[in-house]
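Visitor: Keeping their order, the protein sequence lines are chains Z and B. Going by the working numbering, the first sequence opens with residue 1, and the numbers climb by one from there. Going by the working numbering, the second sequence opens with residue 134, and the numbers climb by one from there.
Rather than coming from a laboratory, the hints here were simulated on the basis of the structure. Be aware that a few hints might be false.
Just so you have them, the derived chain B footprint on chain Z, three or more residues with Cβ under 8 Å [to be verified]:
1. 20-31
2. 103-115
As a list, the in silico SDA-like pairs of lysine to any residue whose alpha-carbon atoms are at most 25 Å apart [as the list claims (entries may be wrong)]:
3. K353(B) <-> E53(Z)
4. K71(Z) <-> K391(B)
5. K353(B) <-> M95(Z)
6. K353(B) <-> I88(Z)
7. K353(B) <-> L97(Z)
8. K391(B) <-> R101(Z)
9. K353(B) <-> E92(Z)
10. K353(B) <-> G94(Z)
11. K353(B) <-> T28(Z)
12. K353(B) <-> E115(Z)
13. K353(B) <-> P98(Z)
14. K391(B) <-> P98(Z)
15. K399(B) <-> E92(Z)
16. K353(B) <-> R101(Z)
17. K399(B) <-> G94(Z)
Quick reminder that beta carbons are idealized off the backbone N, C-alpha and C, glycines included.
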Amino acid sequence: MDRIPILRMGNLLLVTIQVDMHDKLAVTLQDDLTSRIAEVGARGVLIDISSLEIVDSFIGRTLANIASMAKVLDAQTVVVGMQPAVAITLVELGMSLPGIRTALNVESGMQYLQETSRAEEQDMDYDGDSAEF
Amino acid sequence: MENVLDGIRANQDALLKEWLQNLKSGIRRRDLINDSDLNSQATEVLSAISAVSPGTSLERIDSAQWQPVRELLAGISSSRAIQGFTPSETATFVLALKAPIFGLIRKQRGNDAERLFADISAVNDFVDKLALHTTDSYIHGRDQVIARQQEEMLELSTPVVMLWDGIVALPLIGTLDSARTQVVMESLLQAIVQTNSRFAIIDITGVPTVDTLVAQHLIKTITAARLMGAECILSGIRPQIAQTIVHLGINLEDVVTKARMADAFKLALERSGRIVIRSGKSNGAAVSAIREQ
Numbered sequence: 001m002d003r004i005p006i007l008r009m010g011n012l013l014l015v016t017i018q019v020d021m022h023d024k025l026a027v028t029l030q031d032d033l034t035s036r037i038a039e040v041g042a043r044g045v046l047i048d049i050s051s052l053e054i055v056d057s058f059i060g061r062t063l064a065n066i067a068s069m070a071k072v073l074d075a076q077t078v079v080v081g082m083q084p085a086v087a088i089t090l091v092e093l094g095m096s097l098p099g100i101r102t103a104l105n106v107e108s109g110m111q112y113l114q115e116t117s118r119a120e121e122q123d124m125d126y127d128g129d130s131a132e133f
Numbered sequence: 134m135e136n137v138l139d140g141i142r143a144n145q146d147a148l149l150k151e152w153l154q155n156l157k158s159g160i161r162r163r164d165l166i167n168d169s170d171l172n173s174q175a176t177e178v179l180s181a182i183s184a185v186s187p188g189t190s191l192e193r194i195d196s197a198q199w200q201p202v203r204e205l206l207a208g209i210s211s212s213r214a215i216q217g218f219t220p221s222e223t224a225t226f227v228l229a230l231k232a233p234i235f236g237l238i239r240k241q242r243g244n245d246a247e248r249l250f251a252d253i254s255a256v257n258d259f260v261d262k263l264a265l266h267t268t269d270s271y272i273h274g275r276d277q278v279i280a281r282q283q284e285e286m287l288e289l290s291t292p293v294v295m296l297w298d299g300i301v302a303l304p305l306i307g308t309l310d311s312a313r314t315q316v317v318m319e320s321l322l323q324a325i326v327q328t329n330s331r332f333a334i335i336d337i338t339g340v341p342t343v344d345t346l347v348a349q350h351l352i353k354t355i356t357a358a359r360l361m362g363a364e365c366i367l368s369g370i371r372p373q374i375a376q377t378i379v380h381l382g383i384n385l386e387d388v389v390t391k392a393r394m395a396d397a398f399k400l401a402l403e404r405s406g407r408i409v410i411r412s413g414k415s416n417g418a419a420v421s422a423i424r425e426q
């Protein structure tokens, strides 16, 4: 059966959707991704959908679900490279995906994830320092 | 019925003369077309009718035999549309042919009331159909003009301007309807992808009114841009429009709005890590520079 590969880069997970998503594939991705986040303790998930040209309400909902699930597992999700047609379709379907972070391309999405994880580390350092006093 | 066609063919000149007389007394817009043009058009129509092969039915003008006549009338009516004739004046051109043919039939049939009536009703139907065809072509010609103008307007009305690296602006001018908003949305999103822009400024200074539908369209565009990873700033909201938006209860809370495009541009520069500073004076005018951070 088809599976969408999940790549690991440090504490980030990178998913590139290169094929047309069908419902079963989306559910499989959701399962794989959540277990992978828990397994490696990922802090960020980057989903590249620049090759995705067809989207329906189920795929949109699954993306939103993945983001919410990742949030529960303490990982920030960024969806990058959405095509104009896909964006228009989702808006027309009434799915504005309010909980999802978006970026233009993998580069800026990666930058955003690294910045947020760095900021969190600094916060943690600060907490650590203050605990010593 | 063939006899009617034969009669028309045999008496072309007399018919033409009478038709022209009718036309000249009937059409008041003498300024739009001169006598010689009218003459040649009428002659062409009559000879086209005469040229139809003998024995053709008058009832079915959509058959292949009547093709030349139909085309000729279509050409005449579209030229009438351009010259500024009204649809009824254009139809009158054909309808004025009725009376001369009726006169001809009366002369041919004499006292044979049965056949006289049959012929007259056949010719009546025939000329009416020709007139309807003329009106149809007239309206079709106008529709084409309107459709072309609409397309041209759509093309003209949606320029996406690149203000800086990664900042595009979309100055909207004129009323927004669904069709236009679709084009606006598509061209903005396309420009965001092509120029890899993180910021898009939508300026509505030139939009005369904002109702719930327009606001809905704007919000859709902004949401779609956000889904693609770009941030939209709405600028150029005039005081009256701000009042309308609040009175209509439109929720623009999730949208960044600025009064002027300059403010929106400044915000976009700041968010992309740039600041505007004044670098000095030349010819008394202040020179500003944008410093990349």
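Visitor: Compare the structure with each hint and give your call.
Guide: Hint check:
1. 20-31: Our answer is that it is violated, as 0 residues pass the Cβ test (under 8 Å) against chain B, missing three.
2. 103-115: Held - the segment 103-115 of chain Z has 5 residues with a Cβ nearer than 8 Å to chain B, which meets the minimum of three.
3. K353(B) <-> E53(Z): holds (19 Å)
4. K71(Z) <-> K391(B): violated (32 Å)
5. K353(B) <-> M95(Z): holds (10 Å)
6. K353(B) <-> I88(Z): holds (8 Å)
7. K353(B) <-> L97(Z): holds (12 Å)
8. K391(B) <-> R101(Z): holds (23 Å)
9. K353(B) <-> E92(Z): Distance ~8 Å between K353(B) and E92(Z) Cα, so the pair holds.
10. K353(B) <-> G94(Z): holds (9 Å)
11. K353(B) <-> T28(Z): The hint is violated at about 31 Å.
12. K353(B) <-> E115(Z): Answer violated: K353(B) to E115(Z) is near 29 Å, above 25 Å.
13. K353(B) <-> P98(Z): Holds, at roughly 13 Å.
14. K391(B) <-> P98(Z): holds (22 Å)
15. K399(B) <-> E92(Z): Roughly 31 Å separates the two Cα atoms, so the pair is violated.
16. K353(B) <-> R101(Z): With Cα atoms ~17 Å apart, K353(B) and R101(Z) stay inside 25 Å; holds.
17. K399(B) <-> G94(Z): It is violated: about 32 Å lies between the C-alpha atoms, which goes past 25 Å.
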